[in-house]
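Following the hints, put chain B in place on chain A, whose structure we already have.
As given, the protein sequences belong to chains A and B, one line each in that order.
Counting from 66, one number per residue, gives the positions in the first sequence under the numbering used here.
Counting from 164, one number per residue, gives the positions in the second sequence under the numbering used here.
None of these hints come from the bench; they were simulated from the model.
Don't take every hint at face value.
[Said to hold, decoys possible] Okay, the calculated beta carbon distance ranges per label pair: (1) Gly190/B / Ser396/A: 54 to 64 angstroms; (2) Gly274/B / Thr238/A: 45 to 55 angstroms; (3) Asp247/A / Asp174/B: 13 to 23 angstroms; (4) Glu212/B / Gly230/A: 47 to 57 angstroms; (5) Ala415/A / Gly274/B: 42 to 52 angstroms.
[Claimed, not checked] Just a few of them, taken from the derived set where beta-carbon distance is under 8 angstroms, the chain B residues facing chain A: (6) Arg171; (7) Tyr207; (8) Phe497.
[Stated by the list, open to error] Each computed DSSO-like pair below joins lysine-lysine, with the alpha-carbon atoms no more than 30 angstroms apart: (9) Lys288/B / Lys452/B; (10) Lys194/B / Lys208/B; (11) Lys243/A / Lys296/B; (12) Lys452/B / Lys208/B; (13) Lys245/A / Lys165/B; (14) Lys208/B / Lys243/A; (15) Lys208/B / Lys341/B; (16) Lys452/B / Lys296/B; (17) Lys495/B / Lys194/B; (18) Lys477/B / Lys194/B; (19) Lys165/B / Lys194/B; (20) Lys245/A / Lys477/B.
Beta carbons: idealized from backbone N, C-alpha and C, even for Gly.
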Amino acid sequence: MTAGWVEEALRGQPDEHSAADAPGRVREELVLERIDRVRRARPRIREERITMSHGAGGKATHTLIQAIFLDAFRNPLLEPLEDAAELLADGARIAMTTDSYVVSPLFFPGGDIGDLAVNGTVNDLAVTGAAPLYLSASFILEEGFPVADLTRIVASMQAAAERAGVQVVTGDTKVVEKGKADGCYITTAGVGVLRDDRRLGVAAARPGDVVLVSGPIGDHGVTIMLARGGLDLEADVQSDTAPLNGLVADLLAAAPGLRAMRDATRGGVATILNEIAAAAGVGVVVSEDDIPVRPEVRGACELLGIDPMYVASEGRLVAVVSPADADGAVSALRAHPLGADAAVIGVITAEPPGIVSLRTAFGGTRIVDLLVGDPLPRIC
Amino acid sequence: MKFVDEFRDADTARALAAKIAALCEPGRQYKLMEVCGGHTHTIYKHGLEDYLPEQITLVHGPGCPVCVIPMGRVDDAMALASQPDVIMTSFGDMMRVPGSNGSFFDAKARGTDIRMVYSPLDSLKIARQNPDKRVVFMAIGFETTAPSTAMTVLRAAAEGLANFSVFCNHVTIIPAIKAILDSPDLRLDGFLGPGHVSTVIGCRPYEFIARDYGKPVVVAGFEPLDILQSIYLLMRQLAEGRAAVENQYSRVVPWEGNGVALRAIGQTMELRPYFEWRGLGFISHSALKVRDEYAPFDAERLFAVPGVRVADPKACQCGEVLKGVLKPWECKVFGTACTPETPIGTCMVSPEGACAAYYNYGRLTRQRVKEASRS
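Just chain A, with the same shape it has in the complex (with noise of 0.2 angstroms):
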């Protein structure tokens, strides 16, 4: 009894890798070049199945995204896929966006699903380089669920559209049986205006280009982590889940040379630094010791074997600038509350392309690639 799905996954791969009589060097060379060769394949889907991974930022939903979204809708707007697609409408050109929201808990510390649902969509118009205006609500709730609870997400969607200078202005609601959702989830879209005529895209990025993060990492996926409840760990963290637009506004005055941004959502700041690495073909090498990560967070997953790398923030963007506006950059971002702490954390290289490296604490180097799925804590 052998399995069936290992000669599948065989199955158009060469049957060894070869030379094997070079030296040892060489040959690990030759491997290496190979797997790229092999990552830079069209990406096919080989579960039967969606799995949870296929919803974690990683790989698989990377693998998802291309081989049957991409795949379907192809067309030249939706390509690039950045956070949000660039529409020109009768000469004006704008921005739309759409994210669902199906945080557990819907309650946590330093917001909920509903300010979370308004500053997402609102982030993903802004790194784009527009200016939010407008944006859609879709509920969909399950039976049962408290009417003090809903009235208490929307007054604090509202409170965060008037925080971001947008509106809410049509929506939807669906109840479903009890048992078929989880509480309440909620859709919000967005459309706003690109006022100038910037185009900003993270394959943009070119050798000697600088990578800059507003904030300390990860606050908001670790906040999660702990409300679930499941680790008995305690830390003073909360989420970081704000709008960015005024912050980008300020950065997009201060650098001419801005070439994208990203929120650093799902998949973290290591995977925007894949996507950058991939989209632009350039090698990104950041420094470990400048990446900011808050003491308590940073606790919280030494203890449980994740990488702050790869845990969301709902409030932080990550910016690729020209090496001249480095400075004004940060100082741009630093002169606005929510970007206190932005620092500079790496360089745009020409080698090797399509990897991410990382300049390790302790003195080493490593790569650092995107995860297949959810971080998985460690055994022992």
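Then chain B, alone, in the frame of chain A:
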């Protein structure tokens, strides 16, 4: 951060690296095995090999709990989990390990009730909350995790919890090390002993390695400086022509081990006559099963476990990787057919697996990184 940063200090690392380099005899090659997957993880995660001279090669050992589980046991677990009214609980590491019909994650997507827990005690909580279900904990790991399984069984017995059992896959490290020492295809110069296993079993069980095989052993901690210092201690023994067991991780590991933990294991579990290890084959007296006295908590007695032996896929060379005979990248399917997304072998699944550690952190030759950092 306290208790972390002082063990990752780059200046201390440079000083230690210089001392290690000074101990290398010209022209001699050194092969040191880190037995534990936790060490492999640290080595790659912190880029520790950057500090080692070319003469020293670290060989990754079998001490990765998930890696050594044979595919047949995964299938058995899957069969258990899919029986009526069963809730299977498992450590996160185990969730992606492939059986012949996919992983726990895939089974979960098909509707099987498999839940990730952080501690076996969480399984008891689930059992109490679901009295009409039968909760089975997928127990894996070396002597590090066996005590917590033992304590869970003892607590379940004390509470008289009738709907909780353990699918016991605990293994013991010494027979695996012995199998490697007796393996003809590998010549090692010394061992970095497994730190957390040793908190339980102590340092004495390794004495035969020094006495009978003439190889030095240094029980090592898991921070990068722990490992670098342990390599230094090994190199010093080799330079002085000594072979002894030394304890670098004395802040955690008592020489005699942990009597309470050992007694808990002994009370609830006993050695199996033999057990199959992934890639290493059957090793006698290398695994634990639940004792007769605790039979009501033994899933293997409560359920019909198929016990099918599934041959490892031919292409998979996990066995050679686990024995340290092959470097991960030397495996035929490494990084092409076998990746973290679609692992064929267990070594590619666990963060402690040598293949996963190399793929996720080390898949970059030093030269290229150095050039990149300079540019």
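| Of the numbered hints stated previously, which ones are contradicted by the structure, given in increasing order? | Result: hints 2, 3, 12, 13, 14, 19, 20 break, sorted rising.
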